[in-house]
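Q: If you read the sequences in order, they're chains V and W.
If you read the first sequence in the working numbering, its first letter stands for residue 1, the second for the next number, and so on.
If you read the second sequence in the working numbering, its first letter stands for residue 1, the second for the next number, and so on.
Misleading hints may appear alongside valid ones.
[Claimed, not checked] Dumping the calculated SDA-like pairs for lysine to any residue here, alpha-carbon to alpha-carbon at most 25 Å: (1) 105/W / 63/V; (2) 216/V / 63/V; (3) 201/W / 156/V.
[What the hints assert, rightly or not] Among chain V residues calculated to face chain W with C-beta under 7 Å, some are: (4) 60; (5) 61; (6) 67; (7) 104; (8) 142; (9) 146; (10) 178; (11) 270.
Calculated directly from the structure, the hints in this document are not laboratory data.
All values derive from a computational prediction rather than experimental measurement.
Think of the CB as a built atom: it goes at the ideal place given N, C-alpha and C, for glycine as much as any other residue.
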Amino acid sequence: MSALAHVPTASGQPVSPPPAARRGRHRLLPYLLLLPGAAWLFLFFAVPLVQLAAASLYDPTGSLSTGYALTWAFGNYPTALQAYWPQFGRSFLYAGIALVLALLMGYPLAYAIAQKAGRWKNLLLVCVIAPMFTSFLVRTLAWKTILSDNGWLVGLLRDVHLLGPDGRLLATPIAVVLGLTYNFLPFLVLPLYASLERLDYRLLEAASDLYASPLKTFRRVTLPLSMPGLIAGTLLFFIPATGDYINAELLGTPKEYMIGNVIDSAFLVRLDYPQGAALSFLLMSAILVVVFVYLRRAGTEEVL
Amino acid sequence: MRSAFRPLTRRGLLTGTLGSAALLAAGGTLAGCGTPGAQQTEAGCVSEDLSGTEKTLAFSNWPQYMDVDDDDESKRPTLDGFVSKTGIQVNYTEDVNDNNEFFGKVQNQLAACQSTGRDVMVLTDWMAARMIRLGWIQKLDKAKLPNVEANLLPSLRNRSFDAESQLAIPWQSGLAGLAYNGRVAKEIRTVDELLTRADLKGKVTALSEMRDTMGLLMMSNGHNPADFTASQFDDALNKLKRAVDSGQIRRFTGNDYAPDLAKGDIAACIGWSGDVVQLGFDDDQIKFVVPDSGVMLWSDNMLVPNRATHKANAEEVINYYYDPAVAAQLAAYVNYICPVQGAQAEMEKIDPELAANPLIFPDEAMLTTSRVFMALDEQQEREYEGKFQQVIGA
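Make a model of the complete structure from these sequences and hints.
A: Here it is as structure tokens:
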């Protein structure tokens with residue numbers, strides 16, 4: 001991840017200054033290496049982002065046929081938020097619950113694969129990644145079958161009276177949260193696995209030699225050492241889950257719609273471009289704030 | 001000794017990137033001041049018709065909307081018939097999956113009076129109405145469409161967005177009405193039953209297509225969706241909202257209600273006749289109901305966009321599909337409502353059972369209760385669509 005950052009300082013040993021020509025090339029090299037990526041980012045991220053920012057400030061009374069004038073209409077933001085704050089809150093709530101569920105399942109899974117799986121390690125990893133070879137949409141549609149009112153799962157839950165005779169899973173918040181948890185789980189497990197795999201088992205032995213209980217060993221040794229993976233995984237899970245709208249659309253009802261559904265309809269159905277753009281920016285800034293607070297609290301310099 | 005150059009750190013890079021992005025944002029916004037209007041005129045965006053020299057035609061349609069040979073999927077009998085009859089090579093693409101998405105695909109070109117590379121495209125009534133309103137659609141030469149003139153179903157003439165039938169010619173039509181699965185629900189007759197019957201609670205879906213759902217609801221209130229007022233719309237919307245709030249309606253769907261209805265996850269719904277006919281072939285318990293209050297009639301229309309370079313060829317293909325024999329052959333495959341008079345008689349020769357199916361060839365009684373949703377201007381479209389989306393939750 002950080003190979004570039006170390007290029008100029010090389011070994012850290014005091015060395016005689018390189019000849020000027022070489023130094024010049026050295027200075028440019030990292031930037032030259034950055035060029036293709038930066039150009040890509042500029043064209044396909046920065047430019048559209050600026051356009052979106054401008055669109056969010058268009059005159060809201062404009063229309064497709066007459067066009068939109070840029071009137072710096074900052075009022076678009078409060079208006080959009082006022083109309084759609086429930087969907088906003090719901091996005092963060094569902095993504096948050098899904099994240100907790102995913103952590104409860106994903107951490108032990110990643111730990112088991114990294115430390116305990118032995119020769120089954122690669123097979124298990126393939127099992128985690130394999131579903132990603134099918135389309136996101138197909139996987140979500142498969143969940144519709146699993147959670148179907150007449151499916152075995154709902155039948156079982158009704159038999160053990162966890163669900164009433166008319167109870168259902170499909171078209172409830174539970175289905176949406178389960179869908180989110182499932183669909184983004186690999187994004188959490190893979191980085192976690194990568195950092196847990198490097199965990200030196202001797203450190204755990206040392207901790208227990210020093211009379212640390214298993215719980216304390218986990219808290220003081222395993223968890224801190226897996227922190228980079230945990231943070232990366234959490235972010236990779238939470239950010240797309242918050243903006244997701246497929247799960248709410250296919251597994252939920254209008255009462256479960258998330259902010260992604262609203263943005264989709266603002267751009268494609270209602271053709272209210274200023275509002276759609278304003279909502280996109282609100283979502284982006286809300287996620288940035290959450291991420292910054294999280295990184296501050298988690299206290300890591302690794303990611304930023 | 002301090003290094004002569006600053007190492008490139010992650011933080012430095014990030015600050016630099018953010019900084020330049022901010023600068024760029026400021027510069028970009030000042031430079032680009034809004035978007036120009038998309039309004040064009042049909043007369044102002046005509047391209048020279050090359051049909052005389054180029055015997056080709058680019059045709060964009062929905063998937064599974066054209067007959068294919070039972071033995072060879074790559075053969076399309078009616079279209080191949082057209083090619084051998086006229087010598088016009090058809091470049092047929094199934095790239096319309098959703099009206100809104102397709103609009104997004106062609107919007108930039110058409111708004112700027114540029115060619116989309118298509119000569120015919122098939123879009124639903126309301127999208128056709130919007131494009132006609134925006135001046136994006138070419139007027140057809142009626143002299144070149146004698147079959148349309150003779151055979152277009154009377155209920156599909158005089159539509160508010162194309163009174164002269166020379167901008168949007170129906171490809172196939174369909175009904176939006178009620179459907180139910182007889183295995184999980186008793187027969188359903190009216191829209192009110194769908195929205196209030198206790199045994200259906202949470203097992204009902206409606207269409208996210210505003211015009212179909214709201215049209216049926218307005219008719220159930222005794223109003224006419226082909227000509228209604230804002231307060232009549234609001235009445236129907238309140239009715240819908242009550243059904244959403246009470247949990248009666250489970251979801252709003254596109255075509256995806258069909259598998260749910262077949263499985264019995266939903267017991268009854270507002271749905272499209274074409275889907276229900278298809279489901280009915282596999283399961284005779286899935287039934288389509290024309291409510292007594294009336295049924296919505298919609299069409300997917302063939303449109304010739306601005307800057308199309310093979311307009312005469314396009315007119316030729318449109319006219320060809322209004323030959324009753326060709327129309328019957330197509331209808332036997334796609335099972336939607338055939339907009340061509342006389343095709344029913346032709347269908348007798350192909351498959352008498354299909355010819356007797358009122359969901360492919362509706363009888364007079366059914367057609368008199370059917371309505372086409374009124375054409376909306378831009379202001380109305382945004383207002384109604386906005387209110388409707390608010391109720392359906394997005």
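Q: Identify every previously stated hint that the structure contradicts and give their numbers, smallest first.
A: Going through the list in order, the structure violates hints 2, 4, 5, 7, 8, 9, 10 and respects the others.
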